[in-house]
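S.K.: Residue 187 is where the sequence shown ends in the working numbering, and the numbering goes up by one at each step.
Bear in mind the hints are in silico, worked out from the structure with no lab data behind them.
No residue lacks a Cβ here, since even glycine has one placed at the ideal position from N, Cα and C.
Every clue listed holds true.
In silico SDA-like links for lysine to any residue, alpha-carbon gap of 20 Å or less:
id	residue 1	residue 2
1	Lys58	Asn160
2	Lys58	Val38
3	Lys58	Ile96
4	Lys58	Ser81
5	Lys58	Ala156
6	Lys58	Tyr88
7	Lys58	Thr91
8	Lys58	Ala83
9	Lys58	Val70
Label-pair distances were calculated between CB atoms; the ranges are:
id	residue 1	residue 2	range
10	Leu59	Val108	22 to 28 Å
11	Val34	Arg137	29 to 35 Å
12	Arg119	Ile36	21 to 27 Å
13	Arg137	Asn55	39 to 45 Å
14	Leu132	Thr91	37 to 43 Å
15	Val70	Pro135	41 to 47 Å
16	Pro136	Ile82	45 to 51 Å
17	Pro135	Leu111	23 to 29 Å
18	Thr139	Gly80	41 to 47 Å
19	Glu71	Arg137	49 to 55 Å
20	Ser54	Val34	22 to 28 Å
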Amino acid sequence: MVVILGSAAFNRRPVLKVAVGTVLAVIIAVAVLAFALLDVGGGISSNLVKLHQAQILLGHIVERPLLGWGIGSIAADYPYGRTFSYEITYLDRAYKLGIVGLLLFLSFPLRLLIDGVRVVARRLPPPPRMTSNEAAVPLAILTSVLVASATNPYLAGSVGIGAVILTIAWQDPFSPSTT
9 MVVILGSAAF
19 NRRPVLKVAV
29 GTVLAVIIAV
39 AVLAFALLDV
49 GGGISSNLVK
59 LHQAQILLGH
69 IVERPLLGWG
79 IGSIAADYPY
89 GRTFSYEITY
99 LDRAYKLGIV
109 GLLLFLSFPL
119 RLLIDGVRVV
129 ARRLPPPPRM
139 TSNEAAVPLA
149 ILTSVLVASA
159 TNPYLAGSVG
169 IGAVILTIAW
179 QDPFSPSTT
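All chains should be modelled from the sequences, with the hints used to inform the complete structure.
M.R.: Below, the structure written as structure tokens:
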């Protein structure tokens, strides 16, 4: 919907289209995250567990920020059981891999996002058989997965990796021609 509205309204100014799309995506993401933090059940909700998880993981990240604690690390002070995986993907990766590892983990999807924005803004030529407007589709897919991964481990699972692979396949210049 954001892509369609942006394309219709700002067809002659691609930079403005990207800016408006980004602002709308941020507004939607903030609204979704704010709604997710509401605890209307009155008990221990998943969101309260995530907040407590974030506090604990941030404490450990501060202790070893650059290189982290290592893959397979378990936060001993996490009261909800011994687990190797935490729901907040980016804090989980920063806890285990440090800031350096988190940046390496995100480097490929972020590079795809940057290139997608450059193609939509017409600062980079699109792949063969693709228009600048079509490049907004993989951009939207990746943005959705990265936003959803803030509070769920989608990016670490097959769903998130599948979205990254889908954006590459979408832009693959070696795919057979449909003409």
